[in-house]
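Start from chain A and add chain B according to the hints.
Below, each chain spelled out in residue letters.
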Amino acid sequence: MGRYIARRLLQAIPMLLLISIVLFALVNLAPGGPLAGYSRSRHVKPERAAMLKRQFGLDQPVPVQYVIWLIGNDWMKVDADGDGIAESRGERRGILRGDFGFSFRTREPVLGEIGGRLLNTIYLMSVTLIVVAIIAIPVGIISAIKQYSFFDISVTTLSFMGQAIPEFWLGLILILVFYAWLDNPFTSEPLLPSGGMHSLDTGFSLLDWAKHLILPVTMGAVGWVAWYSRFLRSGMLDVLHMDYVRTARSKGLAERLVMYRHALKNAVIPLVTIFALDLPYIFAGSLYVELLFSWPGIGRLYYQSAVKRDYPLLMAILIIVAGLTILAGLMADIAYAYLDPRVRYD
Amino acid sequence: MIQTAEKLEGNEVVQWEAPLRAHESMSTMVWRRFRRHPGAIAGSIMLGIIILTVILAPLSPYDPVTSDIPNRLQPPSLAHPFGTDQLGRDLLTRCLYGGRVSLTVGFMVVMITLVIGVPIGAVAGYFGGRVDNVLMRITDAALSLPSLLVLILLSAILRETDLPFFERNNVLTIALVIGSLSWMTNARLVRATYLTLRGKDFVTAANCMGASSLRIMGRHILPNTVGPIIVASTLEMGYAIMEEAGLSFLGFGIQPPTPSWGNLLSNAQEHLTKHPWLAIFPGLMIFLTIISINYIGDGLRDAFDPFKVLKQIGEV
Chain A
0 MGRYIARRLL QAIPMLLLIS IVLFALVNLA PGGPLAGYSR SRHVKPERAA
50 MLKRQFGLDQ PVPVQYVIWL IGNDWMKVDA DGDGIAESRG ERRGILRGDF
100 GFSFRTREPV LGEIGGRLLN TIYLMSVTLI VVAIIAIPVG IISAIKQYSF
150 FDISVTTLSF MGQAIPEFWL GLILILVFYA WLDNPFTSEP LLPSGGMHSL
200 DTGFSLLDWA KHLILPVTMG AVGWVAWYSR FLRSGMLDVL HMDYVRTARS
250 KGLAERLVMY RHALKNAVIP LVTIFALDLP YIFAGSLYVE LLFSWPGIGR
300 LYYQSAVKRD YPLLMAILII VAGLTILAGL MADIAYAYLD PRVRYD
Chain B
0 MIQTAEKLEG NEVVQWEAPL RAHESMSTMV WRRFRRHPGA IAGSIMLGII
50 ILTVILAPLS PYDPVTSDIP NRLQPPSLAH PFGTDQLGRD LLTRCLYGGR
100 VSLTVGFMVV MITLVIGVPI GAVAGYFGGR VDNVLMRITD AALSLPSLLV
150 LILLSAILRE TDLPFFERNN VLTIALVIGS LSWMTNARLV RATYLTLRGK
200 DFVTAANCMG ASSLRIMGRH ILPNTVGPII VASTLEMGYA IMEEAGLSFL
250 GFGIQPPTPS WGNLLSNAQE HLTKHPWLAI FPGLMIFLTI ISINYIGDGL
300 RDAFDPFKVL KQIGEV
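Listed in order, the protein sequences are those of chains A and B.
Per numbering that gives the first Met the number 0, residue 0 is the first one in the first sequence, and the count goes up by one each step.
Per numbering that gives the first Met the number 0, residue 0 is the first one in the second sequence, and the count goes up by one each step.
Hints are computed from structural coordinates only; laboratory data are not their basis.
Positions of the beta carbon are idealized from the N, C-alpha and C atoms, including for glycine.
Honestly, I wouldn't trust all of these hints.
Stated by the list, open to error - Derived list of chain A stretches under chain B, where covered just means 3 residues or more per stretch with a C-beta under 8 Å from a C-beta of chain B: (1) 135 to 142; (2) 225 to 235; (3) 273 to 282; (4) 303 to 314; (5) 322 to 330.
Unchecked claim - A short list of chain B residues far from chain A (calculated; beta carbon distances all over 12 Å): (6) 27; (7) 34; (8) 47; (9) 61; (10) 66; (11) 75; (12) 78; (13) 229; (14) 277.
This is chain A alone, in the form it adopts within the complex:
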C-alpha cells in the first residue's frame, strides 16, 4: 500500500508539470503576450510598456520565463534597469517556494489576493456538497430499492430535469422568485437576499449567514443532486443482482440488513472515484454561483481577472485548482484501493 501511494504520487508530479507547461505556454505565447492590452493602448507610452515588460520579466524568452515562474530567479543576476547589463539579484522565488508573483492589476502578491477567497469558496462548496449528499444518497437508494415505483419514476424524471437545467438560468429564476416576487410577510422585505455572504450593516448572526446561503446552495446543488441520485440508483441496481446479495437473501437475512449492510457498502464505492472526477466541474459551477450572488470567492476572482487580463492571478488559480484536482484524484484512488480489496496495488 505504501509503495502504491508513493508510485501514484510520483506519477502526479509529471502530470502537474505537463499541465503547468501547457497553461503557461497558452498565456505567454498568445500574440502580443500577457501585456497585449497595455501595449496596444494609446495611453501607455512605449518606454513605460517596455519597463512594465521588464518588471514582470516578460522580456525573457518564454522557456526562461517558465523556469523563473517555477523556481524563481533569486539565484541569478537580472537586468532590472534595462541597460543591457545584468547587475542585481532577482527577487522572484517561484511557485515551488510559494511565490506566485504579483497581480498585474493590484500589484499585490497573488497569494494574498487568493487566500481569503479560496476559503469563502471552500465554505460555499462544503455546504453545497453536504446538502447534495444528504438528499442524493437516500433518494438514490430508495429509488433503486423501489425500482419502477411511483417514487422511482418521479425521481428519475426530476433528475433528468435537474441535469438539463442550466445552472446560471436556475440562479436567475431563483433570484426572480425569492428576491423579486416573494416578500417576507412580516417585514415586506424580499424573502431572501440576492447576494453576498452576510448583511453588511448588522453584526454577525447565524440566521443572517444561513439566509444568505439558501439560494446559492440551491443553485449549486440541484444539478449534482440529480446526477448523484441517478448514479447511486444505477450503482445500487448493479449490486442488487450480484450473487452475494442473492446468497444473503437466501440464507434468510432481513431485507433491511441485505440492503444496508451488504448492498449499500459496495454501491457507494464507485461514488468515491466519480466524485473526484467531478471536482473540477463542481468548482467550475461555483463560478456561476459566485458571480450571480456576488459571493467573494475564487471563481468570481478568476472571472474578474479574466476580464482584466490579470494573467499571474489566472495562472495561479488554474494551477491551484488543477493541483487540488489531481490531489483529489489521488486520494480517491487510494480510498478506492482501501475500500475495495479486489483492487490490486501493483
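The following block gives chain B in isolation, referenced to the frame of chain A:
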C-alpha cells in the same frame, strides 16, 4: 444465447426481445429498441420541433438585429409571443436565431471531439505499451484541467489576439475552444474497445492476410465502436450547448449583436426584476433542448446495450 427474457414493469410482465435476431442489421435492431423508449421518442419529437423552427427562423416577420426602439421591453403578447428586448427586437426571433448558433456550436463540437478523440483512443488502444501510456497520461492531464476556467482563459486570449480568423470569437472559434477540451471521453471509450478487440481472432486473421495496422484499425475494429460513440456524442452535444451558453452568458462566448441562448440570458440579467421574460424564455429553450438530447441519449444507450438493461432487471 438468450432468446427471450421477461421484464417486470409494474405488475405486468412484458415480453423482452432477444438481443440477437438473425438477418437483422444493427441499425434496424437499434431502431426497433429505440422506438420502445417513450422518453427517447418524446425527446426526438421535441428536438425535431426545435430544429425545424430554428431552421425556419427567417420566416419571422421581425429582424433579429435591427432595433425598434418604440417597441422596447414589451411584455409577451400575440404580436411578440416572447416579448421584446431593450432595443425593441422580437425575443422569439432572437431565440430562434440564437438557437441556430447554439445548435451549430453543439454539432461542431461533436465533430471536433470525434476528429481528435477517436484517433487518439484508437492508436492508444491498438498499439498499447508506451504509446498508450503517453497518450493516456495526456488524456488524464486534460481531464484534470478545470475546463470552464480554461475555456474562459482561451476565449479571453483569442479575443484580444490580432489573428484575422479568431478575432471576434465567432461560432467556429468557440466550437474549437470547447472541442479542444471535450475529446477525452471519446478517446477513453475508443481505447477501451480497441484494447479488448486487438487480441481477438478476427484481428489476428486480418493481420495474417497482410492487412496494415491502419486498415485493421479503421476497417475491422472501428465499426465496433460505433454504438458507444453515438451515445457519447449525443450526450456531448448537450454538454457542448450548455458550455457555449455558459461561456456566452459570462461574455466570453458569442458576442452580441449575434444572438445565442447564452448571451441573451446575459443581457437579461440587468432587466431581471422588471422584465423577467427576457430571462425566462432563452433559458427555457436551453432547458428543453438539453432535456430532449439527454432523453435521446438515454434511449440510444439502452438500444445499443440491451445487456445492461437485462442485467438491471435481473435476467442475465
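Hint check:
no.	hint	in the structure
1	135 to 142	violated (count 0)
2	225 to 235	violated (count 1)
3	273 to 282	holds (count 4)
4	303 to 314	holds (count 4)
5	322 to 330	holds (count 3)
6	27	holds (27 Å)
7	34	holds (19 Å)
8	47	holds (17 Å)
9	61	holds (24 Å)
10	66	holds (24 Å)
11	75	holds (15 Å)
12	78	holds (24 Å)
13	229	holds (19 Å)
14	277	violated (10 Å)
Hints 1, 2, 14 from the earlier list are contradicted by this structure; the remaining hints agree with it.
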